[in-house]
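Asks: Spelled out from the first residue to the last, the chains are:
There are 2 protein chains.
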Amino acid sequence: MSKVRVESFSISLDGFGAGPDQDMAHPLGVGGEDLHQWFTPTKTFQTMHSEMMGDDNKDGSTGIDNDFAARGFENIGAWIMGRNMFGPVRGPWNDSDWEGWWGKNPPYHVPVFVLTHHEHPPIEMEGGTTFYFVMEGIHKALELARDAAKGKDIRIGGGPDTIRQYLKAGLIDELHIAISPIILGSGEPLFEGVDLKKNGYKCVKSEASKKATHVILKKQKQRTDLYRKPC
Amino acid sequence: MSKVRVESFSISLDGFGAGPDQDMAHPLGVGGEDLHQWFTPTKTFQTMHSEMMGDDNKDGSTGIDNDFAARGFENIGAWIMGRNMFGPVRGPWNDSDWEGWWGKNPPYHVPVFVLTHHEHPPIEMEGGTTFYFVMEGIHKALELARDAAKGKDIRIGGGPDTIRQYLKAGLIDELHIAISPIILGSGEPLFEGVDLKKNGYKCVKSEASKKATHVILKKQKQRTDLYRKPC
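Chains as they are written, first to last, in my numbering: chain A, -15 to 215; chain B, -15 to 215.
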C-alpha cells in the first residue's frame, strides 16, 4: 500500500522547522535557509537545481546526506504542501500570478496538492508538475493525492503546520527528519503540541553526517483507517 | 573567570529533557532513563557508579560519548539543581529524611545548591558533597555557588525547568546537550519559551556517536553582569 511520507525535513536544535518572518527574501523565514546546509551541496539537490535553471551542472556531494536527500524523491506519486510553502501570498489570491518559488519547471514532476482556504484554478507547469488547490482540508487533499499517486507514495512537503496537522490526524507513516546543528531561536516548531509517542511513532534509525543527524520515525501501530473518509 | 555550565544534558528528538510522571520508580519521568543510553555505558558513569556502590568495577566505554561525559566533571567547583532533580518529595519537607537519589556518597564531591521554596537544613554526605537548600531564587543560588566554587566552574544539573530559568536570565555560559534518538512524546521540554538566538547562543560544535548527537552551545555576547546582584 502506498505510504504517506515526510522526507528531508530539517529542524534546528531548538526544534524549529522554519524561521520567523517569511517573505519573498526568506522563503523559509529568517535564518531558515541554514537548516538546509546539509542538503544544498548534495548531488540530488544540485542536479535538481540545474534542471530548474536549465544548465548542465551535475556536480554535488555523495555520501550520507545525499543518500537521504535522494530517498526523498524515490517512488513519490504526489505531493501535498501548505500554502505558505507554495508562496508568500496571504489571504485571497485575487489576480496573483504567483506560480511557486521554483520557476517554470518545478522539481516535483507529479501532481502537487496545495492546502488553502481560497479558491484557485490548477496551474500546469513544465515537466509534469501541476499545482492543485484544495480548500476542503487535509483529509480531502490526501484522498486526491492518493488517487493521483496511482499506488506510489505521497510526500508531505511542509511547512511545519501542515506536517503537524497530518501528524495529529495520525496520517503520516514515516518521517525523515534532519537535525541541523543550528539555533533559530523562534519560528515554527515542528513537534509542538504533538505527542509523537501517543501517536505511535518510534525512532527506527539514526545516522549522522558532519552536517546533520538524520533520523527516521515510523508509525508503529497497524493502521486500518487509511482509506476511511472523515466523518 | 569561572563559567556556568550545563553538561551531559540529554533531550529526546521531540525536545523533552525529562519524561512525564516523575516518581520513585521514574526519577527522570516515564521513559526518561532512555535519554541516557549514551551515558550509562561510559567509563565515566561506570566508575562513578561503582564508587557510589562501593565496588571495584572500573569498566566502561571510551570514545566520543565518554569524552563528553568526562568533560562534564572537569573543573566543577559547585552544582546547582532544582528540587525535582534532588528528589520526588513535593511541598514542605516536614520530617522527610530524603537525602537524594545517590546514596551515602553522591557523585558530586562539592557543594550542591538545591532550589526550593521550603526551608531545609544542609545535608552533609560522605565524599565532600553537601546539599544546601536555597529559597531565595536562582540569582542567590548562583551567588552562593560561585563563592563555594572558589574560581572553578558551576554546573547547572537540571531539571529542564531549572535550566530554562537560568537560560532566560542569560546566566549560562555554555551547554553540552546530547540529543538521544528516542521519542518521549510528553514531559518537560528543555527549550520551550526560551529564545536561544535572542539570548546570544550559538552552536559551536556538533559531534555524533552511534548513540547520541553531542552539541555545544555557547553564549556569544560579552557579558559584564556576572557578578552583579539582581535589583
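Any given hint could be a false lead.
[Unchecked claim] Some but not every residue of chain B turned toward chain A, in silico, with C-beta under 8 angstroms:
hint	residue
1	M36
2	F175
3	Y185
4	S190
5	V199
6	L201
[What the hints assert, rightly or not] Mimicking DSBU-like on lysine-lysine, the simulated pairs with C-alpha atoms at most 30 angstroms apart in a straight line are:
hint	chain 1	residue 1	chain 2	residue 2
7	A	K189	B	K134
8	A	K202	B	K136
9	A	K152	A	K124
No lab work stands behind these hints, which were simulated from the structure alone.
Ideal placement from N, C-alpha and C gives every residue a C-beta, glycine not left out.
Asks: Work down the list of hints and note, for each, if the structure agrees.
Replies: Hint check results:
At its closest, the beta carbon of M36 (chain B) sits 30 angstroms from a beta carbon of chain A; the interface hint therefore is violated under the 8 angstroms criterion. Interface hint status for F175 (chain B): upheld, as the beta-carbon distance to the closest one in chain A is roughly 5 angstroms, under 8 angstroms. Because the smallest distance between the Cβ of Y185 (chain B) and any Cβ of chain A comes to about 6 angstroms, under 8 angstroms, the interface hint for this residue holds. Annotation: S190 (chain B) was flagged as interfacial toward chain A, and the flag holds, the nearest CB pair being 4 angstroms apart, inside 8 angstroms.
Because the closest C-beta pair between V199 (chain B) and chain A is about 6 angstroms apart, less than 8 angstroms, the hint holds. Here the hint on L201 (chain B) is kept, as its CB sits about 7 angstroms from the closest CB of chain A, short of 8 angstroms. This hinted pair does not check out: K189 (chain A) and K134 (chain B) have alpha carbons roughly 45 angstroms apart, beyond 30 angstroms. Among the hinted pairs, K202 (chain A) with K136 (chain B) is inconsistent with the structure: their alpha-carbon atoms are about 45 angstroms apart, more than 30 angstroms.
Restraint check: the Cα-Cα separation between K152 (chain A) and K124 (chain A) comes to about 16 angstroms, which is no more than 30 angstroms; the hinted pair holds.
Of the hints listed earlier, those the structure fails to meet are numbers 1, 7, 8, in rising order.
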